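Residue numbers (numbering that gives the first Met the number 0), protein chains in the order written: chain A, 0 to 206; chain B, 0 to 120.
Since the hints were derived computationally from the structure, they do not count as laboratory data. The model shown is predicted, which means the values in this text are computed figures rather than measured ones. Glycine included, C-beta positions come from ideal geometry on N, C-alpha and C. Take the hints with a grain of salt, since some may be wrong.
Derived, one-sided and incomplete: chain A residues facing chain B with beta-carbon distance under 8 angstroms [claimed, not checked]:
no., residue
1, S18
2, A19
3, L127
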Amino acid sequence: MDFAGYDPAGAGRNRGIVSAKIVIAGGFGVGKTTLVGAISEITPLTTEALMTSAGIGVDDPSKVPGKETTTVAMDFGRITMAQDLILYLFGTPGQTRFWFMWDEIIRGAVGAAVLVDTRRIADAFAALDYFENRNLPYVVALNHFDGSPQYEMDEVREALAIASDVPLVLTDARHRDSVKQVLVTVVEHAMKRLQAEHGRGYPAPVG
Amino acid sequence: MDQRRDDPRGALVRPYAVTRGRTEARMDVAIEAVLSASPTAVVESRFAGHDKHRIATVCEGRAQSLAEIAAYTRMPLGVARVLVADMVTDGLLTLHTAAPAEGYEGRMEILERVLSGLRRL
């Protein structure tokens, strides 16, 4: 496009309000929506994306006959930090068959927290695998449920094969202060990662 | 009560009918990108159709992300994205940039602001 003053893609764009997002990942029923609800200023909302179910896990859905539309739901919350700064918390769809959605959810995110239920530790493997293969900074948060087995943090780190440079924290997803601490850890970890990348001189793109 | 979602027969209108079948948005709008309505947008959008008018009403007086717009209007994300992109092009909505993904200083500044915002909670 070379028409003077004609800029449809740039129309109406504005730098006025910046929004950032943190992704809350983990297995189905681990407490992602509880965590978001504990700190969000709005009751967690659900947004739905339409997907072609036959295409799940298939590289080229157009080659699959008998496509059916399915709905994938994700929950999210909002924290208005200033007139020009909003933080969103996005929970990933819990069912593993919807993980293809995660690429869009994590694009441009500050970082992620993988929530782990110590009673069903194996449910976290798939989420951890996902983030190990992405460049997004993430932390692992053990959600403490009443009556859940108490493990030493070192045991959990070993059982989940969490890399030594990935922060591991204990949380109670129902409590605001505890959730706040998880989010602070995510942002601090992201800052450290960014500083390290900057020091090496080649920041890698997220995603 | 959300009849559209609970009705086992499904929605009466196929989702992308409101976009006249278009599934590609005119511009990339991130799910967390925030949009605000111009002061006259609510009135003007009456002539842009029912769904765009609902979107303008949601954004009136409070900036909302694409995800919030989709949730409040009960539209699938992809449908809301197409309509929102049209409305930005038509000057009914202002699209604010999501956090910059490039540049050390820009990214660090956002992280610092988010961190101090969290600590103030």
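Hinted contact A/S18 with chain B - closest CB pair below 8 angstroms: holds (5 angstroms)
Interface hint compliance - A/A19 to chain B, C-beta minimum distance less than 8 angstroms: Since the shortest Cβ distance to chain B is 4 angstroms, the answer is holds.
A/L127 as chain B interface residue, shortest Cβ-Cβ below 8 angstroms: Because about 23 angstroms separates A/L127 from the closest Cβ in chain B, which is outside the 8 angstroms limit, the hint is violated.
Violation of the numbered hints given earlier is confined to hint 3; every other hint is satisfied by the structure.
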